[in-house]
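With these hints in hand, go ahead and build the complete structure from the sequences.
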Amino acid sequence: MAKAEFKIIGTSPARMGGVERVVGKGVYGIDLMLKDQLHGAILRSQYAHAKVVSIDTSEAKKIPGVHTVVTAADAPNVRFGRSYFDRHILARDKVRFMGDPVAAVAAESPAIAKQALKKIKVVYEPLPVAIDPEEATKPEAPTLHEDMPLPKSIPADAKLKNICGHAVAHVGDAEKAMAEADVVVEEVYETKMIHPQYLEPRIAAAQMEPNGRLTVWANAQAPFPVRQETAKTLGLSLNNVRVISAGLGGGFGGKGSGITSGAAIEPICGLLAIKAKRPVMIVLDKAEETISTTIRAGAKMYIKTGVKKDGTIVARTGKVFYDAGGYSGFGVQAGGRCTNMLGGWYLMPNCHIDGYTVYTNKQVCGPVRGPGGPQAAFAVESHMDSIAAKLGMDPVEFRLKNTPKPGDKIVGVPKLRDVSLGETIRIAKEKIGWGKVKLEKNQGVGIATGSWIESAGPGGGAIVKVNEDGSVTVHIGKIDMGTIPGFGIPMIVAEELGVPVEDVTVVNVDTDASPWDAGTVGSRGILVSGTASRLAAIDARNQIFKMAASQLEASPDDLEIVDKQIRVKGTPAKAVALATIATNAHNVIGEVIGRGYFDNVAAVAEEKQHGSSQPFTAHACIVEVNPDTGNVKILKYVAVHDIGQPIHKAAVEGQIEGAAAMSIGQALCEQVVFDTNGRTMNPSFVDYLMPTINMMPRIETTLVSGYPGAGPYGAKGAGEIACVPPMAAIANAIYNATGVRIKTLPLSPENVLRALKEAGKA
Amino acid sequence: MSLTINTTINGKSVSGSAETSTSLLDFLRDTLEYKGTKLCCNTGECGACTIIYNGMPINSCVTMAADAIGAEITTIEGLADGDKLHPVQQAFIDTGAVQCGYCTPGYIISVKALLDRTTKPTAEDIEEAVSGNICRCTGYNKIVDAIHLAADRIAGRA
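Sequences listed follow chains A and B, in order.
Terminal number for the first sequence in my numbering: 762, no gaps in between.
Terminal number for the second sequence in my numbering: 1158, no gaps in between.
Simulated from the structure, these hints should not be mistaken for lab results.
Take the hints with a grain of salt, since some may be wrong.
Facing chain B, according to a computed beta carbon distance under 7 Å, are these residues of chain A, among others [what the hints assert, rightly or not]: (1) Gly-18; (2) Gly-26; (3) Leu-199; (4) Lys-286; (5) Gly-654; (6) Ser-684.
Every residue gets a Cβ at the ideal spot worked out from N, C-alpha and C, and that includes glycine.
Following this line, the structure appears as structure tokens:
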């Protein structure tokens, strides 16, 4: 479909659910209140690594108002997890991070529940802790999981331990090519853990129904995997668990229950409700959240690159130590992605990188916004500037020289279809005034690029029902956290069915009624639910045209829907109301119900044949470094993105700007800080710094067109990729301003000042 | 100890009881069921719980319920005039500044307080007015756009 034919796609109508949200009537998980509900609370480990010798709950149970106290002994002895089944919902025998759930209570009030937690006596036998992912692989490190085998790909004599994931990016003969290179640059980069810090705390609510079913309310990004995880860990069948999604006040991959062995609050809440025989609701405290829920993990990355004098990259070698935390969580997937991306998204004929995802005594790695990508890009794109400096080459020219063309391969991607990388670099160069802008003292300019693939995974469905008044109700399996259900989906359905966008309602997920979906993660909302909704709307339209055709004495192929009227093309007077046909459907097919799904197998085959149409981006910025304080101020920031055809333009810009802001936060200030015992030093918002409006530059977003993606109308996912370049773009600008290369995040005043002093520049 | 709290919320006299240790936020949300005001950090850092208290925007999570006695309070529920949204509310929708929407009530309250003082806010005025409101979704661009649009509409410039 050519762009000019769109009526709605590419515009920016008001968000579905916007009015509720601005008048304070938006219902989030935290706003739930079940009749007769008890308040649940979780006792968390005070040690990062310890044996649990005994748990005595007798005193807690005696407190008036306490209805139940549960420990691992009250739950089925079932382990869960994504890559490995390495976790219980409540710790059995051992705790592996400070914040690991040990017991839970349900009581009449939050205050009584808190009091009861204090009365639970846990005897621990503290064990040595492993905090650094590289150190944790050494033979002398403490063992976190005694019964978890090393990945099969690791040789038995490798003298490594605590590894739950091993990924490789091996292409050509890197050793030989490195030996033949004119210039070799070798560096080590490190990123630290950050917390997604969505504003709405995580909740879970659960209620046993009289018929023995368990209803769970969750503000989780993947309701169906929550159902799976809850059923499995509580020993229930799937038809006896119903998960209802509340609106989410942010998620960013941090609310990924069910797709990662993360917080497990839904099964814990379910267990409490079963034992207490009353509805129970758990609301996490923000400081509790920071120490216990899933995070963007830190990574240590060794990177070495060989280039020819003319700037042609010939080889890369490297090693990644990716922090899984206490359980495998999403670490194996994220560490694998980080390993691949350390190979870069430029031409790379020879590459040899090994990546290890490592258990440490910290909270668990989640699929937080671009899992593995921002970390790798900090190393790759800082390193690109280091190489350019050694070659005496302009960083932009060096990148353009190694930019792939359509049909080329990059590490981890056998074939590219269209490549927007070069164009995004050229536009970013122009917008930032590269080589032209006059920089004052202590000011510098930097550029960094990125890519992201809409992670492979199962598809998901959509159901489009046309009601008897011509309005439309849509069921998908993805939740609304400011992403597609409220923005793109109503537009796609309205576009295909010829109805106003405000006549389309997308229903929140209820696993009893919604089509199955893997979860709102991986930049896959538009790809999966966008495609499925479009196909479901077309299916509904075909049913409508078939019924209208006989009435209008025309072929179904000659019909169109405009403003809720089904018309014969070219003869608009020959028309029947959509409402009439939808009502008549009751006598013929029961109801107009369109069904669609995203066929992941077909998508993978298509990509194999024609190549990946993944998005690319380039960010550039100008910073000013204060040599007395180490403070970095961003003076100008441009973000150039190819996300294919934008569906809801303002929403796409919002995704890009928000994702960039999160990584700008990680670049300048964000970090979960641990002491040597594995205690989080900055759990509350008082100490966990993140960007406020004061430190944020205006992000100048440019969307590049002409590179259609695999989504509906050529759309690409936009939620994560803008997290990829910011850290390196800022580090490169600091280097340009000061001549000092900082290789460990964050680029906080303290760290920048230290680096300047070490270099004798402050 | 339990207190009886008589206060005025959105122009309406209301009464409820609260412990001396109860925060104004918990009193609003849990006792009076004004759920539009949002709970987040509970430490006065994020601004999700912002309300207007005797004409000033404050963080209700670090204010005691007892402070509401005899006070005039405006919450997000009190801004619209029937079905007609306040210009700040409308501007947040029109500019796409509402993504997840969780920071939105607190933001709108802070911006209303700003625009009650001036309809020609400078960049510094805006920074100062909303520096205590964290948004994790937007990167702040569209919120700034919303503030300018609302100011222009209130002043009759748009």
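A quick look at each hint next to the structure:
1. Satisfaction of the interface hint for Gly-18(A) is found here, the shortest Cβ-Cβ separation to chain B being roughly 4 Å, below the 7 Å cut-off.
2. Annotation: interface hint on Gly-26(A) holds; nearest CB of chain B at approximately 5 Å, less than 7 Å.
3. Interface hint at Leu-199(A): satisfied, since its Cβ lies 5 Å from the closest Cβ of chain B, which is below the 7 Å cut-off.
4. The interface hint given for Lys-286(A) holds, since its Cβ lies 5 Å from the closest Cβ of chain B, which is under the 7 Å cut-off.
5. The interface hint given for Gly-654(A) is met, as the beta carbon of that residue sits about 5 Å from the closest beta carbon of chain B, less than 7 Å.
6. The restraint placing Ser-684(A) at the interface with chain B holds, with a minimum CB-CB distance near 5 Å, inside the 7 Å limit.
Hint violations for this structure: none, all hints satisfied.
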